[in-house]
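J.: Heads up: the sequence lines are chains A and B, in that order. Numbered by the numbering used here, the letters in the first sequence go through residues 3 to 695 in order. Numbered by the numbering used here, the letters in the second sequence go through residues 3 to 695 in order.
Some hints here could point you the wrong way.
[As the list claims (entries may be wrong)] Capping the alpha-carbon separation at 30 Å, the derived lysine-lysine pairs in BS3-like fashion look like this:
| id | chain 1 | residue 1 | chain 2 | residue 2 |
| --- | --- | --- | --- | --- |
| 1 | A | Lys614 | B | Lys534 |
| 2 | A | Lys647 | B | Lys556 |
| 3 | A | Lys381 | A | Lys315 |
| 4 | B | Lys534 | A | Lys647 |
| 5 | B | Lys381 | A | Lys556 |
| 6 | B | Lys381 | B | Lys392 |
| 7 | B | Lys392 | A | Lys647 |
Rather than coming from a laboratory, the hints here were simulated on the basis of the structure.
2 protein chains.
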Amino acid sequence: MDTPTGQTTSAALRGSLFRPRSVGLVGLSSDPARPTGRPLEYLRRAGFGGVVYVVNPMREEVQGVRAYASLGDLPEVPEHVYVLLGTDLAGQAVADCAAAGVKVVTVLADGFAEAGPSGAARQREMVAVARGAGMRLLGPNSMGLADLHSGAWITVNAIYSEPEQLVGRVALLSQSGSMMGGLISRAQAIGLGFSKSVGVGNEADLSVGEIGLACVDDPETDVFLLFLETIRDADRLAAFAAAAQAAGKPVIAYKLGRSAVGQQLAVAHTGALLSDDVVVDAYLRDVGIARVHTLDGLIEAATLFAGQRPLGKRDPVVGVMTTTGGGGAAVCDRLALAGARIEPASAPTIEAIRATGLKIIEAPMTDLTLAGAQPRFVKAAVEAMARDPKFDVVVSVTGSSARSSTTETMAPLIEAHKNGKPFGAFLTPEAAAGLRMLIEAGVPAFRTPESCADAVGALLRWQAPRAGIAPHPSTPRQGAVVDERTALALLEALGVPVVTSVEIAIAEAGSAALPFAWPVVAKVLSDAVPHKTEAGGVIVGIDGPEALADAAQKIAASVATHHPGVSVDRLLVQPMVSGLQEVLLGYWLDPQVGPVVTLALGGVLVGLYDDKSVRLAPVDEATAAEMIGEVIGLAPLRGHRGLPKGDLAALAQALAAFSRLAEHVEILEADANPVMVMATGVVAVDALIVMGG
Amino acid sequence: MDTPTGQTTSAALRGSLFRPRSVGLVGLSSDPARPTGRPLEYLRRAGFGGVVYVVNPMREEVQGVRAYASLGDLPEVPEHVYVLLGTDLAGQAVADCAAAGVKVVTVLADGFAEAGPSGAARQREMVAVARGAGMRLLGPNSMGLADLHSGAWITVNAIYSEPEQLVGRVALLSQSGSMMGGLISRAQAIGLGFSKSVGVGNEADLSVGEIGLACVDDPETDVFLLFLETIRDADRLAAFAAAAQAAGKPVIAYKLGRSAVGQQLAVAHTGALLSDDVVVDAYLRDVGIARVHTLDGLIEAATLFAGQRPLGKRDPVVGVMTTTGGGGAAVCDRLALAGARIEPASAPTIEAIRATGLKIIEAPMTDLTLAGAQPRFVKAAVEAMARDPKFDVVVSVTGSSARSSTTETMAPLIEAHKNGKPFGAFLTPEAAAGLRMLIEAGVPAFRTPESCADAVGALLRWQAPRAGIAPHPSTPRQGAVVDERTALALLEALGVPVVTSVEIAIAEAGSAALPFAWPVVAKVLSDAVPHKTEAGGVIVGIDGPEALADAAQKIAASVATHHPGVSVDRLLVQPMVSGLQEVLLGYWLDPQVGPVVTLALGGVLVGLYDDKSVRLAPVDEATAAEMIGEVIGLAPLRGHRGLPKGDLAALAQALAAFSRLAEHVEILEADANPVMVMATGVVAVDALIVMGG
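Please model the complete structure; the sequences and the hints are all you need to start from.
T.: Written as structure tokens, this is what we have:
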């Protein structure tokens with residue numbers, strides 16, 4: 003998504019969005035109970051300090067306020083206009099705003115890119131009009147935004163019909179308008195308030211990334227929560243994540259589409275292109291956005307992440323302290339499933355706890371069940387745990403006292419949190435008052451073992467943005483396959499070791515001079531035959547000139563049968579290569595996130611197990627080595643069960659070289675498969691490349 | 003865990019546990035704020051109709067009630083005694099109860115089997131005393147029980163200090179005392195009440211299974227929820243599950259120990275033996291207990307399962323209807339991850355909805371977002387969905403109206419539920435009042451997409467108990483390996499095809515007459531060499547008599563080096579067998595659940611992927627075929643990527659035959675590995691069997 007640059011600075015954009023001097027409501031309904039009638043009442047109740055104008059050509063007065071017939075009739079040009087009209091009328095209203103010199107227009111109507119090709123065309127036109135005038139557009143299909151500090155509740159969201167809104171330091175950016183109310187109401191129930199909430203709708207102009215960038219310097223925001231259905235404007239989202247991380251403001255996302263059905267719905271719902279969830283996951287990690295998988299986890303992560311930076315350790319350690327056996331075990335079980343390494347406290351911590359007369363049982367968690375869970379005992383223990391340098395994160399689990407003597411029980415947790423280390427608490431019983439008390443004091447509090455593990459797991463996996471990622475070439479194109487010789491040559495030029503290949507004429511196969519020993523492989527060489535094996539275009543184990551001549555004729559005949567009309571006259575001849583294991587290197591321009599590289603097992607089990615590593619491309623050798631470590635099926639190469647080890651350093655070099663395909667924006671897709679991994683060295687013996695037209 | 007039979011009928015046991023005529027409190031503290039002081043106040047507040055006696059030799063009066071010096075001083079023998087004394091004194095108190103003729107004693111003290119060998123010995127002694135007198139024992143380490151209908155709150159659980167307790171038709175049996183309060187408080191917060199709650203403690207005598215069996219006919223209970231840390235008394239738990247299912251009363255379990263850390267904690271906490279979670283999972287499914295994985299899911303499943311039986315379909319279909327795009331997509335995404343097959347409504351349903359003027363978008367879910375979510379529209383849609391014969395389960399998703407106009411929004415959901423089909427609702431915003439309204443009306447209501455998917459997923463996976471499962475031989479024993487020839491013969495006798503083997507003397511290897519062609523394999527034959535390959539005891543590809551003589555000498559020499567002092571003089575000679583794929587059949591007496599059979603991939607990738615199928619043994623051929631279908635890595639045998647198909651019928655026969663090892667209680671463990679699967683037939687080429695001493 004291109005946006006003209008230099009139009010507005012981030013701060014000016016933030017001002018027009020969230021703190022406009024004046025707001026225009028175009029098409030405000032006279033019925034304040036209808037969504038399109040809500041914003042006026044909201045702005046009043048929120049105490050918005052700017053001027054509000056209502057435009058409605060059908061009435062002289064709406065909800066007790068003078069209605070103007072058109073934007074041109076207003077005494078001034080509103081800085082921010084919310085167009086509440088339906089799909090048919092919204093386009094003209096946006097054009098009117100553009101003509102009048104409005105800074106930001108927000109559009110409620112749906113029926114645009116999410117509604118098929120004609121809607122997408124309407125959307126393109128609307129964006130063109132806005133850009134032509136230097137006006138920024140939020141939406142269409144946007145439920146609007148609310149700034150809790152300025153009172154700019156320029157939104158139809160039902161949640162703001164509730165009088166009490168907790169004001170906090172968390173900004174919520176959501177692609178789903180309806181989910182915003184769900185998240186805000188759930189957050190408020192445990193004491194978490196927001197600084198801003200934005201329903202970004204279709205992101206036709208302003209994307210999550212650009213709005214986020216505009217808010218990185220917002221003095222009222224410490225943490226960003228994203229509810230995502232798809233990834234749009236991937237480069238700017240990455241830039242936002244990097245800027246936010248530099249500013250010490252974590253960005254945490256819940257992304258729909260972990261299942262195939264979820265992906266399908268997200269795409270149908272947003273008009274976006276489909277990407278595999280594992281690719282989205284790699285993108286988020288590589289750009290430095292933490293990912294949670296539950297709604298409660300998203301809300302609870304806000305407090306856990308606030309003020310934190312990525313731990314920056316390969317294998318961080320979690321300490322768990324509990325005053326209730328079952329609750330503690332439930333949390334440990336879930337944390338471990340989320341990949342946490344749970345360890346017992348260090349000896350000095352255990353000693354310090356025992357010195358108070360407390361008994362501890364059941365490593366690896368520090369279980370004080372036997373101590374009777376009295377707050378004065380717990381205080382010493384929890385502080386010793388929070389101070390223990392062995393732990394990167396500490397989780398405390400509290401039993402029935404969280405409910406029966408809330409204030410006394412929460413006090414030591416609030417004290418221990420001041421230590422600064424990530425420290426959170428799970429309350430075993432239903433204890434809304436306890437959760438609120440903790441969260442209002444800035445202490446991460448978890449409602450379930452699952453949300454605790456989700457938020458903590460996200461923190462453990464969270465990384466600083468990886469440097470050197472290639473930008474997303476924006477235009478999707480049609481592609482065509484190049485022949486294998488060209489593909490191998492291209493990979494070789496990047497530094498990927500490839501098998502020696504000799505190109506020969508089919509007619510002269512019997513007399514070809516080969517620079518390597520028999521037996522050899524012969525393959526049809528043609529950009530018109532991408533699936534060589536299926537077309538009978540590959541013969542292996544050829545042991546002499548006569549056999550080669552014979553093979554050449556067979557290949558020609560078989561390809562002619564499979565591809566009538568395609569004329570083939572060339573063969574690629576290669577030596578037979580075997581390795582300890584076959585791997586697959588893959589590269590493609592993902593429609594959502596851009597250049598991506600993957601490593602997986604080759605051979606007959608390809609694709610059976612969800613066992614691959616994915617990164618944004620390119621990767622350096624260190625990252626390539628990390629990727630190799632993530633593929634379970636490569637264990638034999640690591641010496642599993644005493645098997646001979648493979649040359650993983652050479653594989654890392656080859657993978658890093660292969661990932662530099664990202665420097666060639668004309669390449670849409672590439673596979674090196676199989677790549678043979680040997681005791682010394684690796685070699686790609688086949689390759690497929692799709693070039694963009 | 004053996005229990006004398008015929009001591010008490012189930013109904014009598016249920017009476018003594020939950021509706022005793024009289025209760026004795028031994029060691030009641032004079033401080034009602036201390037756990038050991040709570041039960042008297044609880045029984046008073048609950049309006050318990052029976053007589054309550056207090057025994058405390060140190061005082062004449064406790065909490066305003068006369069205290070007797072001993073049980074013998076009481077005017078009658080209490081039917082149920084709760085011993086509140088510490089570890090040291092509890093044993094004598096139990097002996098006094100036994101001598102006095104008490105029917106049921108509940109013991110609070112910990113420090114028994116969960117606390118190591120000396121505690122285990124104390125526990126055995128206590129059980130022996132009780133059994134000798136025909137008295138039943140709940141605990142030790144039990145927080146007691148509460149019957150919400152009779153007012154028998156014979157418990158120290160802090161949750162009962164709260165005056166309001168919702169009375170319902172759900173019984174909670176928990177191995178964790180502390181988790182009971184957590185579950186009850188969370189359930190009550192969404193309107194779910196209990197009929198009974200029992201903290202079973204160490205299950206030294208009365209187990210979850212036996213208590214459950216006693217409650218299957220309880221007219222006040224419709225559903226059982228179990229919180230399990232381990233599986234004890236597996237056969238009786240299975241009998242309970244079967245009886246409950248016959249009575250139409252679902253049993254749903256949350257079982258700790260999905261991770262290695264969780265298993266370790268569960269074992270440390272309970273003194274139980276370790277079992278792999280996949281085995282526990284197979285056990286629960288095979289005996290007909292539904293399993294959930296979240297605490298909210300356990301609570302919410304109670305209403306979803308009430309009145310239902312297992313769906314009895316191979317691939318049940320879930321219909322999802324939503325009035326909010328984001329919330330619906332979040333639910334679908336999670337449901338699909340939990341294995342649900344989500345499909346669009348059938349044509350008549352869609353027509354019926356459209357006839358009301360509603361638009362529907364975004365298959366596979368029925369999305370009414372565009373319809374404005376007005377209750378009168380929703381009513382027609384939700385009823386059409388609930389009636390649609392295509393769906394086995396229907397989930398409705400509601401947006402902000404669940405919060406803003408709760409009663410109106412819940413009404414059509416309550417109506418649609420009367421249809422009788424499993425039908426539940428997820429409320430996207432925080433909407434405690436809506437959840438309570440639904441659950442009080444008997445409509446399953448879900449707080450999060452994750453708990454919704456957890457409960458619905460458990461319902462989809464839930465099966466009727468599988469017939470013919472072997473009992474759990476109770477005594478764990480030491481075992482010894484038998485030699486390969488004996489092992490193969492044993493498998494052959496069961497009907498497993500095994501490779502032809504000839505036993506020859508090492509000294510006469512050169513002149514042995516073999517009934518099969520060269521090349522052959524020679525293996526050392528000795529029960530003293532279980533790991534033949536590692537000891538250099540296997541040589542393959544032997545192509546004639548001389549080579550065989552040579553191999554025999556090499557094997558003898560190598561084994562002598564690896565096992566000094568072991569004298570070997572026999573070889574097993576077999577033909578070389580190759581197959582399309584190698585599989586592993588495994589069998590063992592699991593310490594928690596008894597005889598278990600497993601199927602997994604053989605070869606170098608063995609154990610790398612968590613890709614195996616497990617069942618209680620024995621299995622019939624149909625179940626064996628199901629198991630084969632569950633192993634992802636066997637896809638090549640199913641013709642994946644055009645590979646030649648294997649004889650899966652023969653594999654199913656072999657697996658079923660192998661699983662009949664369960665008829666041999668003297669066998670502790672067995673592997674057939676590898677078993678070669680061919681285009682026609684299968685054959686086990688090696689086997690290892692451990693016999694109990």
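J.: With reference to the structure, classify each hint as holding or not holding.
T.: Tested hints:
Restraint check for Lys614/A and Lys534/B: not satisfied, since their Cα atoms lie roughly 35 Å apart, outside the 30 Å limit. Under the criterion of a C-alpha separation no larger than 30 Å, the hint pairing Lys647/A with Lys556/B is consistent with the structure, at around 27 Å. Distance check on the hinted pair: Lys381/A and Lys315/A sit about 29 Å apart at the alpha-carbon level, within 30 Å; holds. For the given pair, Lys534/B sits about 23 Å from Lys647/A by alpha-carbon distance, which is consistent with the 30 Å threshold.
Taking the CA atoms of Lys381/B and Lys556/A, the gap is about 68 Å. The hint is violated against a cut of 30 Å. The suggested pairing of Lys381/B with Lys392/B holds, with an alpha-carbon distance near 19 Å, which does not exceed 30 Å. Proposed proximity of Lys392/B and Lys647/A is contradicted: the alpha carbons are some 54 Å apart, above 30 Å.
Checked against the numbered hints given earlier, the structure breaks hints 1, 5 and 7 and satisfies all the rest.
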